[in-house]
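S.K.: Next come the chains, spelled out residue by residue.
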Amino acid sequence: MSHLSERPVNPVVGQQIPHESAALHVTGAALYTDDLVLRTRDVLHAWPVQAPHTHATVTGLRTAPALTVPGVVRVLTADDVPGANDAGVKHDEPLFPSEVMYHGHAVAWVLGETLEAARLGAAMVEVDYDVLPALVTLTEAIEAKSFQGAQPHMERGDIEAAFEGAAHVFSGEFEFAGQEHFYLETHCALAHVDESGQVFAQSSTQHPSETQEIIAHVLGRSSNEVTVQCLRMGGGFGGKEMQPHGLAAIASLGAVLTGRPVRLRLNRTQDITMTGKRHGFHAQWRAGFDEQGLLQALDATLTADGGWSLDLSEPVLARALCHIDNAYFIPNVRVNGRIARTNKTSQTAFRGFGGPQGMLVIEDILGRCAPLLGAPAHELRRKNFYAEGQSTPYGMPVRHAERLTAAWDAVLSKGDVADRQAQVAEFNRGHEHTKRAIAITPVKFGISFNLTAFNQAGALVHVYKDGSVLINHGGTEMGQGLHTKMLQVAATSLGVPLSRVRLAPTRTDKVPNTSATAASSGADLNGGAIKNACEQIRERLAQVAAGRLGVHPNEVVFDGGVVRGLSASGEHIDWDDLVVQSYFQRVQLWAAGYYRTEGLHWDSASMQGTPFKYFAYGVAVSEVEVDGFTGGYRTLRVDIVHDVGDSLSPLVDLGQIEGGFVQGAGWLTLEDLRWDETDGPNRGRLATQAASTYKLPSFSEMPEEFNVSLLEHAHEDGAVYGGKAVGEPPLMLAFSVREALRQAAAAFGPTGTSVDLASPATPEAVYWAVESARSEAAAMHRTTAEGGTGAVPEQPGASAHPMHPRSERVVGHPVPVDGPAAPSASPEGSRQAAGVRP
Amino acid sequence: MASTTTPTAVPTHAAVPTATVNGQACGFERISAQTSALDWLRDQGLTGAKEGCAEGECGACSVLVARPAGDHDDAGSRWTAINACLIPAASLDGQEVVTAEGLGTADDLHPVQYEMAMRGGSQCGYCTPGFVCSMAAEYYRPDRGAEAEDGGEGHECGPNGFDLHALSGNLCRCTGYRPIQDAAYALGAPAESDALAERSSRRAPDAVPTRLTTAAGTYARAADLEEVLALRAEHPDATLVAGSTDWGVEVNIRGVRAPYVIGIDRVAELRTFEVGDEAIELGAALTLSEIEERLDGRIPLLAQMLPQFASRLIRNGATIGGNLGTGSPIGDTPPALLALEADVVLASPSGERSVPLADYFTGYRATVKQADELIRALRIPVPLSPVTAFHKIAKRRFDDISSVAVGFALTIDDGVVSRARIGLGGVAATPIRARDTEAALEGRPFTRDVVRAAAAVMRREGTPMSDHRASGNYRAAMLGTALLKLHSQHGTTSTTEVSA
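Protein chains in written order, with numbering that gives the first Met the number 0: chain S, 0 to 837; chain X, 0 to 499.
FYI, nobody ran anything at the bench for these hints, they're computed from the structure.
A virtual CB, placed ideally from N, CA and C, is assigned to each residue, including glycine.
Keep in mind that a hint or two might mislead.
Stated by the list, open to error - Reference listing, derived: stretches of chain X covered by chain S, where coverage requires no fewer than 3 residues with Cβ under 8 Å from a Cβ of chain S:
#: 1; segment: 405-416
#: 2; segment: 475-483
Said to hold, decoys possible - Each pair of labels, with its calculated beta carbon distance range:
#: 3; chain 1: X; residue 1: Val255; chain 2: S; residue 2: Gly679; range: 53 to 63 Å
#: 4; chain 1: S; residue 1: Asp129; chain 2: X; residue 2: Val255; range: 29 to 39 Å
#: 5; chain 1: X; residue 1: Ala188; chain 2: S; residue 2: Gln15; range: 21 to 31 Å
#: 6; chain 1: S; residue 1: Arg673; chain 2: X; residue 2: Glu292; range: 55 to 65 Å
#: 7; chain 1: X; residue 1: Asp276; chain 2: S; residue 2: Glu704; range: 43 to 53 Å
#: 8; chain 1: S; residue 1: Phe426; chain 2: X; residue 2: Pro382; range: 33 to 43 Å
#: 9; chain 1: X; residue 1: Pro355; chain 2: S; residue 2: Thr113; range: 42 to 52 Å
Could you put the whole structure together from the sequences, leaning on the hints where they help?
M.R.: Right under this line is the structure:
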């Protein structure tokens, strides 16, 4: 057991406690950014001028009419920007665009004494547009060869030889939808210039440091003149990793120009039409199997719908490539990736960050091919699992592969799956119009940022003379329970009761240069930093205690607010006494902690290395019932066994697994982003831009029986106190629902029917799947084709360039050009990029 | 049973509009006639209620109001959860409101808050105050616990009688709902000393005739029907607002502003409920929740439809007259009411007239209702056809808008369909009767072959279009399968509906 992962006696980590803010949540006392407006005097409210076109050049913009509206104070335009008119870390997102790149793109912002005044003012701003042709669908963009950014390529083995030798080769094509985050709290920023002249921005952001950097970049200031604070978020899910920056920059710009606090809160319509979503993908593939059904080769080209700018599309695509194997060993692999540029919102991080999209491709392939191979889908999946000693296509050994089988066996046994499969078969024999199915799917998800540099974190821990402890760290709280876990880590490391530790809101003047709270890594990274800070303090206190107790410092034990020697019966000192004595002995009672994940290496140009510290594993079993008249369905039962290591906080981890699963099921079955794809006047407009048209799971989508348990004997040596990251991996357990729907639809047809199922698998999509299964001509409609060496997916063109080692993103430092530079949104955009401050 | 609430003596037009919020008097000094109750509450410093969607879909703004528990004077009151984002603040004049802050504090949690906190019912916490209010409303429901565990048609009850449908209008993006369900099902009965439970035994506040005029317009609550008609004559451009579940969306999302709003939700003449020998009359301003409760299963088709109509939060505000008044082609009540052959009672200064619902709709969001008329009531003739069903096709089972809705009311004598009435929503510019299908059924035996032939006719009813909810082909297919599904379920024990 490593020093990092070893727990002391009576650890506070591992205790089942509610969320640290639960009592505030339920009483309405927990404050979010927009709740601060009432506490702030003379606030101005911001409202965007949203373009009514999907692609257009702005040829004229007159703000004067807006200023005639009572209460309108100022209209912000590109001319007002003292620094760079650039809100994107890739320098392709002008804050005030001269070229409208998607329907609803904000071209100016109006500040008013009231929100109503700002709204009415925005309607009065006159903008002239030259409308341009727009690319709306992924297919259109692929046909037009409209790509942006890198085109990564990952390869292992001899792909052609493998297809030549494969007993069965299938090929197909598949396009699947993205997902709106729909955090209940929309984007919000509240900025003012404080008493010392610095810009202070409260922001609902997962990445305060980057929000700070973009504000500084736009204002032409240094980072030390800007502080960003995030109290908490009403949900993030990746949607507040990069999207908050420009909005906070607008609020900050307004505050600097008017000298008054500026509040920018997007309403739901604005949030959903202006901010990025999970990438939809297109996949072309061919897969080869041997006689036993073992995967021999996979050749795929993935195209992500990036929307109008790069944002996080490159690392999202990289993670998709790194997860196309999911839990399966594929000896020969070739995967190409590319990012389409379309006239839509700039798609961004969303829980799983490309991982779900990569995995969906292989799960879809296995779900389609199993009937054609004559094998039950769960058997095909199980037999292709990684074994210890095998490596991923990017060359990383799959450590603890045996946990996949352990989780599989556990969930089959707990879920009584064998008996229930027999019951399902019996049910289906007795019901002509209703069919049930059980599907079992695994998850293997890599933990760490692909870009090694981001795998670092800082913390600040203060012990005050009265023995109370205040902690600060670089991570943000969005409901995932990070702060709860961090309080538990600090109490464990210092050996004090949880009640002695308080956590202060995340802000950039406490812990600088933080990474986004993302990639499920918040607890691993910040926990490591807090533990490091606490241990520095504890070691100093141990010296003082050792003198008092007459023992060696290494033998001093901190436990529950009492400090003693190894022998429990001996003398002891109260924590509070030890702290005050140490103060008088001039011992430093605070420390800055730092952590970086060891052992990572990643070459993004060759897509090879060890990008992840470890893998998180899980297996889910879902049972569904489908109505053959309508395609409607219910999720009858879900059983999950998931690997969270030694849980740091079981109630939090359980909540992440259940919540992630339901969110994943929402993506795969219900949530249906629709853009106007017609040639009508609203072409490119998001048609589902409200909660009334974009449906996320409600109580009726909760599995009727829902059993989640944590994998036992799951200590993780490479993470703080033996726990594992849990934010993202459970989302992908929801493939079991999709695959169960596919199998239930197939059950309406003859045995061995292979069914294509659209994603999301809405009742309508399921109905058409049922219809195709029932139809004798079903095979005509299938895109899964068998024969020869398969249809070769489209390969990269001459202009394709690989990922740059630093191309994930680094603010303020344009990527050095050793491949074609990332294209800019407009000539203006590239000029500004060149003007970036060093 | 005559059931009109007797108007009680109230001061005409209270000088200073005031509401009671968490036991404290709160004025409406800084609001406009358009200000939502949510914005007003937040402006009072009560920021627990949140705006999540501004259209009554997410429930983050849910608060409790004391509403009459029945239609007689000593009926007591009911803590009713509503979407604060939809209603005008001024409509709360004279009313009692409780928010999450008023239920308990971090040091003294309300039982609902305690269960939600301890069981992991909150993650990000943003939706939580709204969930707490919706859950508290069900916690205080006087007859909770009276039902069996399955709760009957349209109910999904826990062992403590808690109906999950009470939470159908609240969205949580974090938890996946299981811990919230656990919290709901763990609730006991309110303590004897519980002040809010005690409050329920007393009469709800009467509606106060209100005038609130600001630069942005006027909110006026009329005392009775006569005043409504008079105000309307005086202000021909006035907007009539009952539950505001549609109007609130217009204001919040589409930026519509009205110079004059007349609140009609508590006008006694619009709140009749009469079960007669020839018809059942439902007052237009009865909320769908009130209709559900007062009918108590008396009209099985409505008992099947109402739990599928939007959410409990919406049904607590939305009125049956309002659902017809919008003239929407996809409302859920018209297909059912068409099948029931309901009449619409229209009132104007010159009196009343009654129009069959089938003749009421004239085009997309257009009806026969004249500018000076309003819907006073619905009349549903009795006896009812014995075989009824409501099929709602939607993406989500709770709180979704239909892509197709079908109401069936059939009379089958000795295996022969003697009468068939079928109402359709979502397949034409207005809700329509499936008259060709009805003709294909009437006088024929209710057999598989006849049903198949009629289903083929029904598939061609209407003019279904493609939109973001469904393709035209799917809508037509659903018309084609609805009768087959009805037939397959006819005579068998009714199983719970599968979504869509």
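S.K.: With reference to the structure, classify each hint as holding or not holding.
M.R.: Results of checking the hints against the structure:
Counting residues of the segment 405-416 of chain X whose beta carbon lies closer than 8 Å to any beta carbon of chain S gives 0, which falls below the threshold of three, so the coverage claim is violated. Counting residues of the segment 475-483 of chain X whose CB falls under 8 Å from any CB of chain S gives 5; the rule of at least 3 is met. Checked against the given bound of 53 to 63 Å, the beta carbons of X:Val255 and S:Gly679, roughly 24 Å apart, lie outside it. The hint said 29 to 39 Å for the Cβ distance between S:Asp129 and X:Val255, and at roughly 31 Å that hint holds.
Hint check: X:Ala188 to S:Gln15, Cβ distance near 27 Å, so the stated range 21 to 31 Å holds. Restraint check, S:Arg673 to X:Glu292: a C-beta distance of roughly 37 Å breaks the suggested window 55 to 65 Å. Separation of X:Asp276 from S:Glu704 is about 47 Å and conforms to the stated range, judged on CB atoms against 43 to 53 Å. For S:Phe426 paired with X:Pro382, a C-beta distance near 38 Å keeps the hint of 33 to 43 Å intact.
Checked against the hint of 42 to 52 Å, the C-beta distance between X:Pro355 and S:Thr113 comes to roughly 47 Å, which is consistent with it.
In summary, the numbered hints that this structure violates are 1, 3, 6.
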